[in-house]
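Undergrad: Start from the sequences, fold in the hints, and give me the full structure.
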Amino acid sequence: MTSRIAETFARCKAEGRIALMPYLMVGYPERGSTMALAPALEQAGADLFELGVPFSDPLADGATIQRAAEQSLRNGVRLPDCLRTAADLRAAGLQAPLVMMGYYNPFLQYGIDRLCADAQAAGVDGLIIPDLPPEEAEEASAACQANQLDLICFVAPTTPEPRIRQIAQIASGFIYCVALTGVTGARTELWSGLPDFLARVRQHTDLPLVVGFGISTAAHIRQVGAYADGAIVASALINTLDALAPEAQTAGAAAFVRGLR
Amino acid sequence: MTTTIDRPGRYGPYGGSFIPETLAPAVAALDDAYRAAQGDQAFWDELNALHQSFSGRPTPLTHARRMSDQLGGAQIYLKREDLAHTGAHKINNALGQGLLARRMGKTRIIAETGAGQHGVATAAVCAMLGMQCIVYMGTEDMERQKPNVFRMRLMGAEVRGVSTGSRTLKDAVNEAMRDWVSNPESYYLLGSALGPHPYPAMVRDFQSVIGRESRAQMLETVGRLPDVVVACVGGGSNAIGMFHGFLADEQVDLRGVEAGGRSAALGEHAARFSGGRPGVFQGTRTYVLQDEDGQIALTHSISAGLDYAAVGPEHAKLHDDERAFYTSASDEQALAAFQALSQLEGILPALESAHAIAEAMRLAPTMRRDQIILVNLSGRGDKDIFTIAGVLGVDV
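Chains as they are written, first to last, in the working numbering: chain A, 7 to 267; chain B, 161 to 556.
In case anyone wonders, no lab produced these hints; they're calculated from the structure. Keep in mind the model is a prediction, meaning the values are calculated, not measured. Glycine is no exception: its CB is placed at the ideal position from the N, C-alpha and C atoms. There's no promise every hint is true.
Chain B regions said to be covered by chain A (calculated; three or more residues, Cβ under 8 Å) [as the list claims (entries may be wrong)]:
no. : segment
1   : 173 to 180
2   : 260 to 273
3   : 310 to 322
4   : 432 to 441
5   : 451 to 465
TA: Printed below as a string of structure tokens:
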């Protein structure tokens with residue numbers, strides 16, 4: 007059976023476009039926001055979603071996502087709520103693949119096997135765990151496999167060639183290519199080395215390459231569309247939400263995503 | 161027991177390296193560089209020479225006679241790390257890693273600090289070696305450790321306040337890691353036996369000078385080993401350095417003392433072994449104070465240096481193996497110990513070290529007069545006088 011993630015990238019490729027993957031911190035800005043935002047963004051052209059699970063100490067994230075995580079936690083959102091949100095989105099008819107992004111400790115405390123079983127049942131398609139390098143991922147990788155989830159691997163500009171090859175061998179779903187040497191956060195310019203970096207990764211895999219970190223504007227998406235299969239937009243979307251009055255946020259976020267095309 | 165390590169970076173189920181991919185090559189390069197340095201006698205010769213000429217090692221062993229007499233039980237001996245340059249054991253690690261950074265050709269050093277003792281030690285080493293020094297410190301810690309903030313700046317370090325989260329040590333570590341992720345060519349001089357491999361092993365090795373010296377000094381001056389060795393445990397670097405001198409001496413009872421804070425409620429203390437459970441935090445698997453969902457708990461201690469949600473992974477292994485025992489002392493007990501040592505021995509201990517003194521004061525009366533408790537007096541208390549004056553209601 008082809009996974010929803012593989013199907014989506016195949017469809018985007020056939021249509022000759024890059025897949026758009028907005029990041030939504032579950033329960034941000036309001037506890038129930040994700041239920042309104044995800045369907046609206048899907049309508050506006052989002053192909054996949056990265057669903058952020060809030061964590062108290064997100065050390066790979068910049069100020070924007072840190073703040074969103076703090077707010078989501080204040081809104082009372084925890085991992086079980088994130089799983090419920092995924093299930094509710096599926097029940098409401100959302101078609102796009104859902105990739106759940108969270109730091110390792112909340113997943114570990116929930117129980118990795120239990121998490122993967124529950125995520126699969128909720129209609130989640132994959133997991134992204136930024137503080138779980140492949141060396142430590144044995145348990146999570148086995149549990150994901152047993153539940154038909156993709157455990158998404160990262161490569162970074164600092165990752166040396168032999169390690170890219172090793173990571174490509176164990177990766178599934180897509181490869182998350184970190185677009186800069188730093189933390190998440192909106193940027194004005196893309197890193198000039200990005201095309202060469204993506205070309206290096208491409209040599210080792212046929213999996214879709216998705217760029218994230220710093221991708222903020224339609225111009226960025228056009229640029230990375232030349233060499234990547236997908237783009238994640240996170241902090242720039244959160245900044246867009248923050249700039250709007252609560253009642254204008256859903257429509258405003260949809261307009262932002264439409265504008266990225 | 162000879163060692164607590166099963167394979168590099170693992171302490172039973174604890175330890176490891178839980179870091180973002182961007183840092184994986186930097187951490188691997190550090191591991192390689194440290195292993196090369198480990199086998200290079202010239203590296204250790206230079207470190208030992210600087211320990212003598214710069215840090216003031218070996219630090220003395222002091223018999224706390226009046227305190228021992230007053231308690232009426234075991235004899236208390238103090239390993240005087242408070243007399244090391246910059247006022248605490250932190251210089252042992254800062255100097256070792258500083259030399260390693262120089263050997264790796266690094267010129268920009270990042271560090272985090274809680275009480276400020278590691279920041280001051282790092283600032284001193286960077287000044288001495290001519291390297292740029294950036295120290296992240298929670299703004300709450302900056303407030304309660306003002307003298308150390310000023311000392312760092314006097315030695316040319318840039319102190320960057322961290323006002324996210326609880327504005328204490330864990331947030332400073334997050335921010336230092338974010339800097340390192342953004343600048344992987346910089347050297348992250350982590351201050352405790354924590355974080356991803358190789359830090360817990362490397363910091364322990366640099367702090368093991370405490371245990372080695374102490375063991376030799378006990379044999380030389382008293383003619384026997386102590387019955388009990390006590391050290392306070394924040395991240396646990398002074399304790400692991402002290403304990404390693406006695407790990408092979410199975411008859412020696414090793415005791416780590418965590419911060420009991422104000423109460424046993426989550427958020428009111430930093431006693432990871434009694435109040436926490438295994439988890440993954442800031443690069444390592446160990447005992448972590450956390451809520452049911454795995455969110456990292458806030459902590460409290462009168463001493464900034466013990467106010468941290470996780471404990472070094474090797475302590476987690478020693479705890480599970482029951483080779484070391486972990487207790488806690490409350491804010492109040494630490495304060496009483498601070499006053500007792502000041503008045504009976506003329507030594508102002510750091511509030512961190514006062515937790516170890518408190519445990520010794522509790523144990524001594526239960527022991528015979530010919531028994532010995534060795535306490536690692538990990539730092540001096542000058543930095544804490546404003547905190548203590550505040551608690552005592554005195555205007556300084």
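Undergrad: The structure should be examined with respect to each hint, and the outcome stated for every one.
TA: Hints and how they fare:
{"no.": "1", "hint": "173 to 180", "in the structure": "holds (count 5)"}
{"no.": "2", "hint": "260 to 273", "in the structure": "violated (count 0)"}
{"no.": "3", "hint": "310 to 322", "in the structure": "violated (count 0)"}
{"no.": "4", "hint": "432 to 441", "in the structure": "holds (count 3)"}
{"no.": "5", "hint": "451 to 465", "in the structure": "holds (count 5)"}
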